[in-house]
Structure formats: structure tokens, C-alpha cells
Amino acid sequence: QNHKGSKITFSLFELTNAKNMRVPRRAGTQCCQPFYLSIFTLLLSVVYGGSSLPSSITPVEGLISRITPSLSANFTLSLTEESTTDSFKLSTVDAHMIKIEGNNGISLASGYNHYLQNYLNSSISWTGDNLSQIPQLDSMPPIGEDQDVHKVRFMTWSYYINVCTYSYTMSWWDWARWEREIDWMAMRGVNMPLMFAGQEYVWIKTFEEFGVAENEMEGFFAGPAYLAWQWMGNIRGWGGPLTFDWINSHYDLGTKMFQRMREFGMKPVLPAFAGHVPRKFEELYPNSNITRASRWVDFSDDFCCISFVEPTDPLYQELTISFVNNLIKYFGPNDHLYNGDQFNEMVPPTNDPKYLYEVSSGMISAMRVADPHAIWVMQAWLFIDRAFWGTPQIEAYLSGVDDDSLILLDLWAEYSPIWEEVNSFMGKPYIWCQLLNFGGQQELHGKMETIMYEPHKAA
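When we follow the numbering used here, the leftmost residue of the sequence shown carries the number 198, and every step to the right adds one.
Among the hints, erroneous ones may be present.
[Said to hold, decoys possible] Straight line, CA to CA, 20 Å or less: simulated EDC-like cross-link-like pairs of lysine to aspartate or glutamate:
1) 402 x 415
2) 654 x 618
3) 477 x 498
4) 296 x 335
5) 551 x 592
6) 402 x 258
7) 402 x 413
8) 654 x 617
9) 644 x 617
10) 477 x 449
11) 477 x 507
12) 453 x 258
13) 402 x 345
14) 296 x 258
15) 477 x 592
[Stated by the list, open to error] Here are the computed distance ranges between Cβ atoms for each label pair:
16) 324 x 601: 35 to 41 Å
17) 509 x 442: 34 to 40 Å
18) 332 x 282: 35 to 41 Å
19) 450 x 406: 20 to 26 Å
20) 529 x 320: 46 to 52 Å
21) 267 x 525: 39 to 45 Å
What the hints contain is simulated information worked out from the structure, not anything from laboratory work. Just so it is clear, the structure is predicted and the values come from calculations on it, not from any experiment. C-beta atoms are modelled at their ideal positions from N, C-alpha and C, and glycine is treated no differently.
Using the sequences and the hints given, assemble the complete structure.
Okay, here's the thing in C-alpha cells:
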């Protein structure tokens with residue numbers, strides 16, 4: 198943590214010097230399980246993995262020209278050898294030039310942000326920028342005569358964005374706003390963001406392959422401000438219909454976002470097929486096992502109880518394969534990370550452990566047929582309902598997925614940690630997360646002591 202007066206910033210890199218390079222800290226273990234720590238502002242967490250794409254210097258040069266155009270010629274960037282551990286190095290070339298070396302675009306952007314904050318006393322944020330003094334610079338403040346600055350990432354991956362945020366805040370963002378947000382991510386070391394924009398286009402193409410026409414999907418898609426809950430199976434059609442002009446425009450937006458994220462070297466988390474389909478499927482496939490989800494917060498029949506293809510049915514695997522293939526077709530090669538929720542704030546039809554094992558096993562099995570390297574990124578929020586999710590139910594649901602195929606998000610761990618109640622998720626990999634800005638909570642407060650100590654307790 199770097200403290201500048203009342204400003205607090207968080208870094209995912211630890212400071213080292215050229216003569217005494219420190220080995221990055223490794224994640225701890227709990228009951229022989231991988232554990233991934235996080236510090237973030239909305240949702241920032243860490244997970245295992247490798248680089249997404251070989252990063253070029255060009256995207257970082259573009260970032261610098263957007264944030265500090267008057268200094269675009271005052272930084273020279275150099276890519277070092279690819280490494281499983283991200284790091285950057287800052288050094289002074291002369292009075293007008295700073296050299297940033299890094300093993301990928303995220304490291305280079307993080308090095309630029311480090312110089313911006315610590316040598317130019319400047320910053321960018323969601324609520325405003327502090328860049329007013331930069332145009333008046335006569336020279337670049339030197340790094341130091343005796344040693345260069347090295348920083349090494351002490352967490353491999355940094356996850357960012359809650360599913361609901363795409364409807365809370367981001368529904369109306371255009372490319373200019375998203376370009377700035379992705380710049381913000383890169384400067385702060387985020388390399389594993391949730392990427393849900395534009396997925397409706399893929400759903401349409403997938404459902405069309407199964408005989409559902411575009412006009413038969415109008416009651417399925419919720420309006421832009423409610424899409425997150427439609428994605429999670431809570432509602433259908435509420436706030437809609439979603440126009441096809443909007444769907445097409447957000448597909449274009451999503452492809453730009455996806456491409457830019459990967460240009461920086463990020464590994465975007467894409468949507469998974471959890472089983473939710475339009476009502477038309479019940480008519481077209483009467484012999485398939487299609488049930489209806491439970492009612493969510495008293496929505497009327499017209500907007501609740503979304504149709505759900507049971508993952509044990511062959512139709513489920515066919516839909517999953519089609520959906521993943523269309524993701525690749527319309528967005529391009531991805532990094533095998535898929536976020537999907539079968540029962541978010543929903544009550545499954547039975548608490549029989551056998552059923553719960555079969556539905557989770559069916560989901561990951563279908564994903565692995567479609568993508569042999571698929572990893573299911575699951576929100577653990579469903580386990581908050583302890584009236585339903587007792588220990589036998591949680592054990593059964595999680596045991597349906599191999600350890601190397603699942604990552605759980607303990608979303609509200611700084612306030613209501615689930616890992617403590619369920620024996621560290623029965624040995625499955627999980628992410629200690631924070632949710633500081635949701636449900637109208639925008640005050641300047643936070644549990645600093647909890648943030649400092651609870652992640653280490655979990656490890």
C-alpha cells in the first residue's frame with residue numbers, strides 16, 4: 198500500500214531493487230488446496246494461469262498517449278522475456294526520457310502508473326483525474342542515481358468486475374468509456390477481467406441453430422439495466438424487449454473490448470451456458486428434460502421462472518457445444534475461462550445431494566467437451582442461502598467438478614466470508630473477494646483491518 202496523504206492506492210507488485218531481487222510470494226494453502234488472494238476496489242481477485250497473448254508495445258503506447266498526451270514521447274518501452282511472473286523496471290535515460298521494461302503489456306502499463314503516481318504525483322480515477330501539473334513539466338523527474346526501480350507481481354492473476362456491475366453501472370457505457378476503463382485496469386495490474394458485453398448476439402446465433410427465431414426470443418432477454426439477472430437465470434424479459442439494434446451495437450462493442458483486453462495481455466472471463474433458454478424450447482423439445490427455475494423476489498409469471506435445460510439431458514451438451522463454438526466464432530480464440538451460475542439466489546428443485554452432484558457435473562462435463570481446457574468460474578453467492586445449502590448439499594455440488602476445472606468467487610469475503618463456513622470450499626480453488634460498491638453503498642468507508650488480516654487468515 199502506498200499512502201500519499203489521504204489517497205490510498207493498492208499495488209499488485211512488490212518493490213525490489215536491482216541488486217537484491219526478491220522472489221515473489223506464493224499463495225498459501227488451506228487443507229492442501231490452492232488459494233488465491235485479492236485486493237481490489239469493486240471486485241479484484243487472483244487466480245492461477247498463464248499469459249493470454251504475447252503483448253506488444255503498441256497498446257501501451259496508445260494508453261500513454263490517451264492519459265498523458267504531452268508525455269507520449271517521454272517514455273521508451275521495452276518488452277523483456279516472457280515469464281510466468283510479471284514484473285517491470287523503471288530507469289532514467291536522460292532528463293527527458295524514462296525507460297519502462299516489462300514482460301507484457303500489463304506490466305508496462307503498471308510501470309507507467311507507478312511513475313505517474315510516485316514521481317509525478319498524478320493519478321486517474323473513476324471520479325476524476327489529477328493530471329493538471331503534467332503539461333507544465335520541463336523535464337522528467339529522475340528515478341534515482343543509485344538504483345533503478347523493480348517491481349514483481351506477488352499474485353499471478355487479478356480478477357475484476359462483479360457480474361451485476363454490467364447492469365448496475367455499465368449498461369450505457371460506449372467505447373470511449375470502456376476504453377478508459379480498460380486503460381484503468383491495465384494501469385492497476387488487472388489481467389483477468391469479466392467480459393460479458395455483447396453475449397446476446399451469441400445467444401441469438403446459438404438459439405437459431407436449435408430452431409428458435411429472433412422474434413421468439415423477445416420475451417427472453419431483459420432490458421439493459423437488468424441483463425445481469427437474466428444472465429444468472431433470475432428473470433426473463435423484465436425491462437425489455439431488448440432491441441436487435443442494441444444487441445448488434447453491443448456485440449460490436451464487446452468485440453472491441455475483448456480484443457483490447459487481449460492486446461494488453463489480459464485473460465477475459467467469458468459467459469458460460471448454465472442452462473437457461475427461451476420458453477420456445479419447451480415446445481420444440483418436448484422430450485427433453487426442461488424444468489422451470491424457482492420464482493425470484495416475487496416477479497410475476499410473465500417475468501419469472503425461466504426455462505432451464507437440465508444439465509443431465511443430452512440437449513444441454515448440444516447447446517453448450519454450440520454456444521462455446523459461437524463464442525469462438527464471433528469473438529475469437531479465448532482463454533478457457535467461463536463464468537456461469539445455475540442457481541444464483543434461486544432454490545434448486547430438490548436438495549437431494551445426488552441431483553446437485555449431477556447438475557454441476559453435467560455443466561462442467563459439457564464445457565469440457567466443448568473446450569477441453571475449460572475452467573468454470575462460479576460465484577459462491579448461492580451458498581449464502583444456508584437454509585438450503587447445508588454441508589451435504591455443498592459437498593455434493595462441488596464434488597461434481599474436479600479441482601482443476603473450477604474457481605469459486607467468495608464475493609463478499611470482507612463482510613460475510615463463506616469459506617469459513619464451508620471448510621474452505623471443500624478443498625476447491627477459491628478467490629477471496631471484496632464487494633465495496635453495491636446496493637447503493639457509495640460511502641467513503643471500508644474495513645481496513647479486515648482487508649489487512651482476513652486474507653492472510655484464509656491463506
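| task | Any hints from earlier that this structure breaks? Give me their numbers in increasing order, please. | result | 6, 10, 13, 15, 20
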